[in-house]
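The listed protein sequences derive, respectively, from chains C and L. Under our numbering, residue 639 is the last one in the first sequence; the count climbs by one each step, no gaps. Under our numbering, residue 392 is the last one in the second sequence; the count climbs by one each step, no gaps.
In short, the hints are calculated from the structure, not lab data. This one's a predicted model, so the numbers in the text were calculated from it and none came from an experiment. Fair warning: there could be bad hints in the mix.
Taking beta-carbon pairs under 7 Å as the criterion, some of the chain C residues facing chain L (in silico) [claimed, not checked]:
1. V144
2. G447
3. A567
For every residue, glycine included, the Cβ atom is placed at its ideal position computed from N, Cα and C.
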Amino acid sequence: MASGMLGVGISGLLAYQRSLQTVSHNIANANTEGYSRQRVDLGTQLPNRVGTSFIGNGVTITGVTRIYDSFLTDQVRTYTSSYNQSDIYAQQSSMIDELLADPQVGLMPTMEGFFSSVQGVSNDPSSIPARQALVTQAETMVDRFKYLDRRYEDIRSQVNQQISGTVAEINGLAKAIGDINREIVLSPGGSPPNDLLDSRDILLNKLSERVSVTTLMQDNGAIDVFIGKGQTLVLNFDANKLATTQNKYDISQLEISIDNGFGGKLEISDYVSGGKLGGLLDFRKNVLTPAQNSLGALAIGLSETFNAQHKLGQDLNGVLGTDFFKTSPLQVLPGKGSPSTVAATLVDAKQLTNDDYTLRFDGGNNYTMIRSSDKQVFAINTGGASPYTTATMDGFNLTISAGAAVGDSYLIRPGKTGASLIDLNITNAREVAAGTPIQAQKSIGNLGTGTISAGNVTNTATLPLGGGGITLTYNTGNIMVSGATPASVPYVNGGKILLNDPGNGTGIEFSISGIPTNGDVFTIGDNIKGVGDNRNALLLGKLQTQRMLGGGNASYDEFYGGMVAEVGIKTNQARVTNESQLRLKDQAVNARDALSGVNLDEEAANLVKFQQAYQAASQIIVATNTMFQSLLAALRG
Amino acid sequence: MRISTQMMQRLAVGSILDRQSSLSQTQQQLATGRKFLTPSEDPSASTQVLTNNQRLSITKQYQTNADRATSRLESEESILAAAGNSLQRIRELTVQSQNGLLGTNERGAIAAELDQRLAELMDLANSKDGSGEYLFSGFQGNTEPFVNSAPGVYDYQGDQGQRKLQVSPTRQIPTSDPGSALFVDLPYSGGGTQNIFKTIYDLSTALKSGTPVGAVLDDIDTSMDRLFSVRAEIGGRMNSIDSQKNINEQYTVQLEGLLSSIQDLDYAEAIGRLNLQLTGLQAAQQSFQKIQSLSLFNYI
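Bound conformation, chain L alone:
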C-alpha cells in the first residue's frame, strides 16, 4: 500500500496520543484508587455503588437509633430498679405493720416512713429523661404523668402511647412504657383495679387511724410483679437490640467489602498496566523519531 507522508506522521502521532490517553486513565485510577471515575465507565457498577452507599448510610443510621434506644432503655431500667427497691422496702414495712403487737407510736413511725417512700415512688414515676421529657407519660412527654390532686387521689395524666425506634428495615423496638401499665392498671384485691400509690396511701392512713388493713401485701406483690415483668421485658429488648446491632455490624462489613470489590482499584494490576503502557508510549515515541529522521532528501 502506498503511504503518504502526512498519513505516516498522523498514524505515528495518533498512536502516541492513544497511548497517552490510556496512560492518563490509569494514572487517574491510581491517583483516586477507584476502578472507574464516572458512571459511564461502568454504569451497572456505579448504580450498585449508589445503592450500596445508601444501604450503608441507612444501616449506620439504624446503629445510631439502636444506641439511642439502648440508652433510653437503660435509664428506664435504672429508674424501675430504684422503684423496685422502694417497693421492696414498702413491702417490708407492710410486713412489719401486720405485727399485732405494735403500739400506736410504732405504727405511726411505719406510716411516716411509708409516706416518705410513697413520695419517693411518685418522684420516680415522674422522672424525666436526658432531654427533659417525662419518661412514663406515654406520648405526652411534656405532661407530668402523676399528680396528687387531693388526699388519696392520684391521677394519671399521660396516655398509653409507647415510643418505638427503628433498628432495622423491618424491626421497631419499644423504648418506653407508659405509667398506666407500670403503676395504674393493677388488679386490686378489693376488686377492679387500683394504682399502687393509692394502695400505699390507704395502708399508711389505716396504720395512722389504727383500722385493720386488707390484703395489702398481695396488692404490693402484684405491683412488684408488674415492675419485674416490665424490667424483664426491657432486658429482652436490650438483648434484641444487641443482637440487631451485631447483625447491622456484620451487614456493614459485608456492604463495605462489596463496595470495595466493586469500586476499589486492584493496585498490583494497575501498576503492572501502567508500566506496560509507559513502555508502549516510549516505544511509540522512539519509533516516531527514528522513522521521521528518514528521508530521501537527506541523500540527494
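Extracted from the complex, chain C is given alone in its bound form:
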C-alpha cells in the first residue's frame, strides 16, 4: 500500500520535473528563431486491479510534443520565397532608378548641352570656339552614355556575383538538410526529435529565402526538396549540386544549372523562381537588360539620325560632312557551337526597340526569329541564297550566309552595345558640317519678280556639282534645267522642285516663287567659301525637337524619358509587391507563431502550476514517510 503510494508520488515528481524542464526549455528558447514550443503530454499509468476496482498508479509521460502545424510552416516558407524575390528585385531596380534620377549623372543634361552647342554653332558658324564647344559637348554626351552603360555592366556583374554566392549558399543548405534528414531518420526512440525538426524547418526556411522549393515528407521522416520544375535538390540524405554556367550566347552572363544525374548539367534558369535567386534572374531579364538595351537604342538612334543629317552638310573646309559619331554595330551572338554566319544591320533607327531576338535555323532555307518580349515570330526563308538579306524587321535586317546546321541559334541584341561603343568620329572642330553644300542664286538682271529659296540637300550622290552647276531658265510655264535631271519641270509658284532624284524622293530640293519672265535665270552651284552658312546647323538643331525615335513617336528626350519611366514603373511595382509580400509573410509568420511561439506569461503560469504540482507530489512522499513512521511506532509500541 505504502509502496504504491510512494510510486505514485515519485511518478508525479518525475512527471512534473520533466514538465518544469520543458517549461524552462520553452522559456530559454522564447527568442530562438523558428522554435516551436513544446509540451509534456501526461497520462495515467496502468491501474492495479484490486478486487473489483482499479486503483490508480500515478502519472506517466506519454510524450513531449512540439506544437506545430505543417500547413502554417509551409505557408511561411512560400511567402518567405516570394518576399525575398520581390525584395531583391525592388532593391536592384532602385539602383537603376536612382542612377537615372540623379540629375548629375543622368543623360538629359548632357543631351541638352550638346544640342545647345549645336545652336551655338548655328548662331556663329564660322567661329572655331563655338565649333570646339560642340565637339567638347558631344564628347561629354558620349562619355555619359558610356558611363551609364558601365554602371549597368557593374550592376550586371554584381548580379553574377550574387547569383554565384546564392548558389553556393543553396548548396550548403541542401547539404545541411540532407545531413539533418539522416539524424532525424536515425534518431532512436519512438518520440520525434523536436529540436532537430525545428532546425530542419529553419534550414528549409533559409533555403526558401534563396529560392522557391517544394518539399515532400517521406515515411521515414526525411524531407525531399525540389526546385525549378521538380529537379531534385535533396533526396533522403543526399544533396544534389547547383552550379553556375555560362550563358549559351553570352559567356559573361551566368546561368543556373543542376546535375542531371547522368554526369551532365541541365540549365534551369528559366524554371527557377522565388527567393533571392529568382528575384535576381527576374531583375536581370525584366529591368536591367531592357534598360541597357534602351540606352543603347537611344545611342544608336541619336548617332545615326544625327550622322544622316550631318552627312548632308558641308564643313568649314568646304567638303561634305562625314559621320559625326561612330555608331555601334548591332550585336549578334552565335550560340555555343553555331557558326558566325549571321550579321545584323541597322536600316531605320526610328523603329529600333529595346528587345532581344533569338534566331534559329530550322533546316532547309528556313530560319525563325522570335522577339523575346512578346514572342512575336518572324519567319525567314532565304530561298537558298547566300548571303541572303532579310526584309527590315524592327528597324534592322539580317544578312544570313550558308553554313548553319539545324538547331543552330543566335541571339540578336540590337541595343546592347549601343551605349558602350558610341564614339565621336570627327576630331577637328572644322569638320562640323554647319553649312549646306549647295547655294541657289537668282541671276542679277532677271526681269521678273521670281526668287529662289535657299535650297536643301537630301541626297549628296551628285555633289559636288562642279563646273557651271545647275542652270534653271524660265520659259513659258516651264523651268528648263541644265546640269541636272529632269530636263524640265512645270513651273508652280512656290512649289517644291526636286532635282537629281535617284528614284527615292531625295536629291536637291528648292522652290521658285513669284512671277518670272521668260529668259530669267536661276543657278544652283556648290557652296564655295560659305563659311557663314548655318543652314545645316539649323537642321541639326531641329533634330532635338523632332520625333526621330520610338517608331516616330518620340524625340530623343522623350525616348529617354520613356526609359526612365519604364524603370520607374517597374521599381514602383516591385516596391508595392514587396510591401504586400512582406505583409503576407508577416501574417504567415504570425499565424505560425500564434500556434507555435512561446508566450512567457503562459510559461510563467505553467511554471507556477507545475511547481505547485511538484510540491504536492513531494508531500505524497512526506505523507508516505509519516504513515510508515506511524506504523513503526505502533509496532514498537
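Model the placement of chain L on the given structure of chain C, informed by the hints.
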C-alpha cells in the same frame, strides 16, 4: 488569438520601424523641397519633369538665339542707316550738279565730294560684324563683298545666302541680307541692272569731264528705296523677334509653373504630416515601453 512573446515584440518593433521609415521619407521631402526623389515614386510625373525641363532649356536657348538675332539686326540696321545718310548726301550733290549754271571748278568740287561719299559707301558695304565676319557677303563671311577691281568696275564677290536663326521650334528669322540685294541688283534707268557704286562713279566721271548725265537721280532714288525697304523689313523682323521673345517668356513662366506644380512639395501639408508622424512614432515607442514592462514573472 494566442500571441507569442516574440510576435508581440516583433509587431511593436515593426510598427516603430514603419513609422520611422515614413518619417524619414517626409524628412527627405522637406529637406529637398521635392514631392518625389526618384522616378519610381511617381514615374509619370518624373517623365513630365524630364520633358518639361528639356522644353525649358530649349526655350532658354531660343531666347539666347533671339538676343543674338536682335544684336545682329541692330548692327545691320545702324550700318544701313549710315549708308542711307550717305546716299541722301549723294542725292543732294546730284541735285546740285544738275544746276546748269555750275562752273568747272564747282562741278569738280561736287565730283570730289562724290568720290569721297562713294568710298564711304563702299566701306559701309564692306562692314564686318563683332566677330570679324563681313556683314553683306551672304554666307561667305570671310570674303570681302565688294572690290573695286578696275576704275568703274565694282565686283560683288559674295553670294545670295541669308543667315537665319531659330527663335522658336517653328520660326526662323533672317539675320542678314546679302550685298547683292542691297547694292547690286538695282534696276537701271539705262536698262538692265547696275550697282549703285558704278552709278555714282559714272556721275562723278561725267561731272569731271563735263558730259551730261542721264536719269541718275532716278537710279539713286531706286537705291535709296531699296535700302529703305530692307530697313523696314529689318524693323519688321525685330518686331517679330520681340513678340516671339514675349511668347517664349510666357511659355517659360508657364513651364516653370507646371514644373513647380509637378515636383515641388506642398510644405504646409508636409509639415502637418511630419507632426502627425512624429506623434505616431512617439505613441508607438511609449506603448512598446509600457507593454514590454508587463510580465507575469514580475509577480511570482
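Hint check results:
The interface hint given for C:V144 is broken, as the beta carbon of that residue sits about 19 Å from the closest beta carbon of chain L, more than 7 Å. Hint status for C:G447 relative to chain L: holds, with the closest Cβ pair at about 5 Å, below 7 Å. Interface restraint check: C:A567 against chain L, minimum CB-CB distance 4 Å, threshold 7 Å, status holds.
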